[in-house]
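These protein sequences, in sequence, are chains P and Z.
Residue numbering for the first sequence follows full-length UniProt numbering, beginning at 1 and increasing consecutively.
Residue numbering for the second sequence follows full-length UniProt numbering, beginning at 1 and increasing consecutively.
The set of hints was computed from the structure by calculation and includes no laboratory data.
Check each hint, because a few of them may be wrong.
Copies of the same chain are indistinguishable here, so a pair counts whether it falls within one copy or spans any two.
[Stated by the list, open to error] Derived pair list, reagent style DMTMM-like, types lysine to aspartate or glutamate, alpha-carbon separation capped at 20 angstroms:
id	residue 1	residue 2
1	K518	E160
2	K396	E381
3	K163	D108
4	K311	D186
5	K456	E277
There are 2 protein chains.
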Amino acid sequence: MSTIEIYDTTLRDGAQGEGISFSVEDKVKIALRLDKLGVHYIEGGWPGSNPKDSDFFKRIKDFPLEKAVVSAFGSTRKPNSDVKEDVNLKAIVDAGVQVACIFGKTWDFQVVYALNTTLEENLQMIKESVAYLKSNGMQVFYDAEHFFDGCKANTEYALETVKAAQAGGADRIVLCDTNGGTMPWDIQEIVSKVKSVVTVPLGIHCHNDSEMAAANSVIAVQSGVIQVQGTMNGYGERCGNANLCSVIPNLEIKCGLKCLPEGNLAQLTEVSRFVSEVANMHLHNGQPFVGTSAFAHKGGIHVSAIMKNSKTYEHITPELVGNQRRVLVSDQSGLSNLLYKFKELNVDLTQQTEENKQLLMHIKELENQGYQFEGADGSFELLMRRISGQYENPFKLESLRVIMDMKENGPTSTEATIKIWVGDQVKHTAAEGNGPVNALDNALRKSLEGFYPAIKEMQLNDYKVRVLNEKEGTDAVVRVSIETGDGKNSWGTIGVSTNIMEASWQALVDSLAYGLLKQND
Amino acid sequence: MSTIEIYDTTLRDGAQGEGISFSVEDKVKIALRLDKLGVHYIEGGWPGSNPKDSDFFKRIKDFPLEKAVVSAFGSTRKPNSDVKEDVNLKAIVDAGVQVACIFGKTWDFQVVYALNTTLEENLQMIKESVAYLKSNGMQVFYDAEHFFDGCKANTEYALETVKAAQAGGADRIVLCDTNGGTMPWDIQEIVSKVKSVVTVPLGIHCHNDSEMAAANSVIAVQSGVIQVQGTMNGYGERCGNANLCSVIPNLEIKCGLKCLPEGNLAQLTEVSRFVSEVANMHLHNGQPFVGTSAFAHKGGIHVSAIMKNSKTYEHITPELVGNQRRVLVSDQSGLSNLLYKFKELNVDLTQQTEENKQLLMHIKELENQGYQFEGADGSFELLMRRISGQYENPFKLESLRVIMDMKENGPTSTEATIKIWVGDQVKHTAAEGNGPVNALDNALRKSLEGFYPAIKEMQLNDYKVRVLNEKEGTDAVVRVSIETGDGKNSWGTIGVSTNIMEASWQALVDSLAYGLLKQND
Chain P
1 MSTIEIYDTT
11 LRDGAQGEGI
21 SFSVEDKVKI
31 ALRLDKLGVH
41 YIEGGWPGSN
51 PKDSDFFKRI
61 KDFPLEKAVV
71 SAFGSTRKPN
81 SDVKEDVNLK
91 AIVDAGVQVA
101 CIFGKTWDFQ
111 VVYALNTTLE
121 ENLQMIKESV
131 AYLKSNGMQV
141 FYDAEHFFDG
151 CKANTEYALE
161 TVKAAQAGGA
171 DRIVLCDTNG
181 GTMPWDIQEI
191 VSKVKSVVTV
201 PLGIHCHNDS
211 EMAAANSVIA
221 VQSGVIQVQG
231 TMNGYGERCG
241 NANLCSVIPN
251 LEIKCGLKCL
261 PEGNLAQLTE
271 VSRFVSEVAN
281 MHLHNGQPFV
291 GTSAFAHKGG
301 IHVSAIMKNS
311 KTYEHITPEL
321 VGNQRRVLVS
331 DQSGLSNLLY
341 KFKELNVDLT
351 QQTEENKQLL
361 MHIKELENQG
371 YQFEGADGSF
381 ELLMRRISGQ
391 YENPFKLESL
401 RVIMDMKENG
411 PTSTEATIKI
421 WVGDQVKHTA
431 AEGNGPVNAL
441 DNALRKSLEG
451 FYPAIKEMQL
461 NDYKVRVLNE
471 KEGTDAVVRV
481 SIETGDGKNS
491 WGTIGVSTNI
501 MEASWQALVD
511 SLAYGLLKQN
521 D
Chain Z
1 MSTIEIYDTT
11 LRDGAQGEGI
21 SFSVEDKVKI
31 ALRLDKLGVH
41 YIEGGWPGSN
51 PKDSDFFKRI
61 KDFPLEKAVV
71 SAFGSTRKPN
81 SDVKEDVNLK
91 AIVDAGVQVA
101 CIFGKTWDFQ
111 VVYALNTTLE
121 ENLQMIKESV
131 AYLKSNGMQV
141 FYDAEHFFDG
151 CKANTEYALE
161 TVKAAQAGGA
171 DRIVLCDTNG
181 GTMPWDIQEI
191 VSKVKSVVTV
201 PLGIHCHNDS
211 EMAAANSVIA
221 VQSGVIQVQG
231 TMNGYGERCG
241 NANLCSVIPN
251 LEIKCGLKCL
261 PEGNLAQLTE
271 VSRFVSEVAN
281 MHLHNGQPFV
291 GTSAFAHKGG
301 IHVSAIMKNS
311 KTYEHITPEL
321 VGNQRRVLVS
331 DQSGLSNLLY
341 KFKELNVDLT
351 QQTEENKQLL
361 MHIKELENQG
371 YQFEGADGSF
381 ELLMRRISGQ
391 YENPFKLESL
401 RVIMDMKENG
411 PTSTEATIKI
421 WVGDQVKHTA
431 AEGNGPVNAL
441 DNALRKSLEG
451 FYPAIKEMQL
461 NDYKVRVLNE
471 KEGTDAVVRV
481 SIETGDGKNS
491 WGTIGVSTNI
501 MEASWQALVD
511 SLAYGLLKQN
521 D
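Using the sequences and the hints given, assemble the complete structure.
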């Protein structure tokens, strides 16, 4: 079975999507998850373009990756200059990674009008830049920007540019549909043309401006390319890049090719949702393969047919990509959804005990309200323990109040008062904060530290707010996710409410309660 | 120039999408808008399946359509029964429209296991049902369900079924990729095969489960079909149907074919957004051609190139589909992004005046604090106007207070009090809300509606919270983004603060202030 290389550029091209702004920590988290999924290459950023990307290349060295190779992006050298003096190329070498991916111009009009140089100089720029990086011991992938438009405008010159990359020693030549305007039949024809003039293995990099990126990528593979560049959930500038969450399963399931290590395709849905959470982007329900509606059946005729044989209205088995079937009109939906979670926590659900049934019912109801336990293992485990009766809360709220005052051009003050019981002792205290959630956090810690000194070790690492039914404006349901750590471990907790403060409170309470629970384990 | 028929099934197949529930009035509104756009056929519903759809066919008769022909959907008759007695087919005739579109089975396994009948009886069902509707004076389109899967399983039988439809007198034979699992090369091969055995003009009906629906539709046209079935914004069961908002511009602009009346393509963006409003579905920003990000440029290198020549990073001119170019201001943007924005707002920044320098410095500083003006055009324009001194705030805050009370197992109450000045009048009022932001929003509107009745038209469409330096936990800086609309336009505003309430307040104030500003423009 042939292998197709997956080159993920979520952290670079994906970050150019509107609304996406990754911190360095976000980037590290995503890179580690992509490595576990088993992509071949992770493009970390453009070290020459901004300090955040340079930071990432330093930080990621602290984490040994299992399989993925990190790549640094950049461009060919500037016109009429010494390649050894090029700041941009030097930054790539300094990134200290094994793979460089540099783009250069294909389209004659761009060379003349955007680069302001000659066609001949552009060829030199390509060849010398590739050769320079090769001489620094790197594997070099050459991204031929605007290749398809360039090839239609001036085929001969476009082919000269990829020959220049080959002459420089490029390890891959990646044909880019930079504007996303190319139709599938042109992809097919032009890939074949390139294959006839260079021997370097080819790659494809598509954008989705015509809604053709996924199709163009698989068609390019059919035409002979061996590397696909794209992003998780198709994030990227304008309409985004080729969506690897669609390309990978199409190549593996429909074309019988190998992209990920054996068995890893079933992680796809989880990875897609993880990346969308970190990016804080709403995941499109109807997203192929991984969306929550991707295997959701609503039409009555579909539902009854599905119950006889799932092949009637499902092109693949949802479990292949880690997704699940949902039956929207039936009360039978959703039980199997949670099986993998239970399995993870070693809860045997094959036994239809009263307790298990109660647990399932309760979880189903919470999910309807907007709870999502992916990434909230702390809250999930507490929930299970509460239902099973094996757990006692370390404290109990009596009441709380938050007051925020703001004056024009004056300071804002926020105060939280809180009254809790620990055993038979009551603690009534108050604290200020930077904002209401911070004030609550401070007051809660102040109340509990005397009883549970371990709380001093616990730190909130991450606090996220997600609006669920956004159309409702400020009346919407929000989900607050908190990540807490004690230096050794970290755990996630959540809260859901129409009131952001109430949701935050639930997540805060769980974060400390779970930390205390683990302390005693 | 050849014409390709556009058959819109938003009102039938689109309505099967998760989260979509059209009222009869919604359906009429959408049908009228689609007629104005100039599609050829509008599938109104399945009169045999539910009373709402039958109502639609009655209601739509009150409105003379300019161009579009309304079609009723249904299936072939039941096995082993008299076609004249079939309730389903009778309902189609009773709908009183000119076109019927009925589906029948192609796939041998489905005939046997889902229909529980013989292969031969299925052929009779197809032929007789088509003939029956023809004898009632209707144009008949035959939807060959699961055609591509069926053809792969048993080519000979699949071809027999479409021959049966031809024998019955079908006016179009529409090949359906019902499960959305077919790859483009199979579409190409199978369409050609069908063309060689029937003379009836062909259509295509794709689903998007493999993210191939748009590509498969244009490829089918390249292979000779003359009708494309799809939905606006790709709504539909599971991952949806072929998205006509992508298929139409691809066929017209990329393939040189005719779908809509001359000049009407420029309505596409408006129609897409209109349908999403009626469906109450969030429009995906990155949607090709019509999304708000479809021509949005963020990377600095892209923006400077775009300013030289838009063809560098745009596959088509946005105006062709009624969309517009946007330049985003973010931490990835260089000076060129700002320059473009200024030009858009008629601020001449080529002159290095003191004011311009101040503006740039101010924006850079705000960006360091965490402001991000992409998607926040409202706040950005207000900011520029404030700095240039050409703007007076419509109201001024004196003070506000938010109080939230929560008791164990009791209700949570949230109240906001607010004191503002409008001119020399002071307004001191209070309101409750679902949460603190909602309470503030309610109080602010209550204060202002007497002075500015236009505020009643403004609705919050979207509310998002992003924690910037997540490592700081609840002490972190948050960015609140709000999207507000007045039914015609929508605009984004933002606020940034360590205090989520303060950030929300800033964004709320800007959202109403900007709405009032545009009212007076």
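Now for the hints, and whether the structure bears them out:
1. K518 x E160: Result: close neither inside a copy nor across copies, 62 angstroms intra and 52 angstroms inter.
2. K396 x E381: within (18 angstroms within a copy, 49 angstroms between copies)
3. K163 x D108: Classified as within; 15 angstroms inside a copy, 51 angstroms across copies.
4. K311 x D186: Cα proximity of K311 and D186: across copies only (18 angstroms, versus 33 angstroms in one copy).
5. K456 x E277: within (18 angstroms within a copy, 34 angstroms between copies)
When the structure is compared with the earlier hints, a violation turns up for hint 1 alone.
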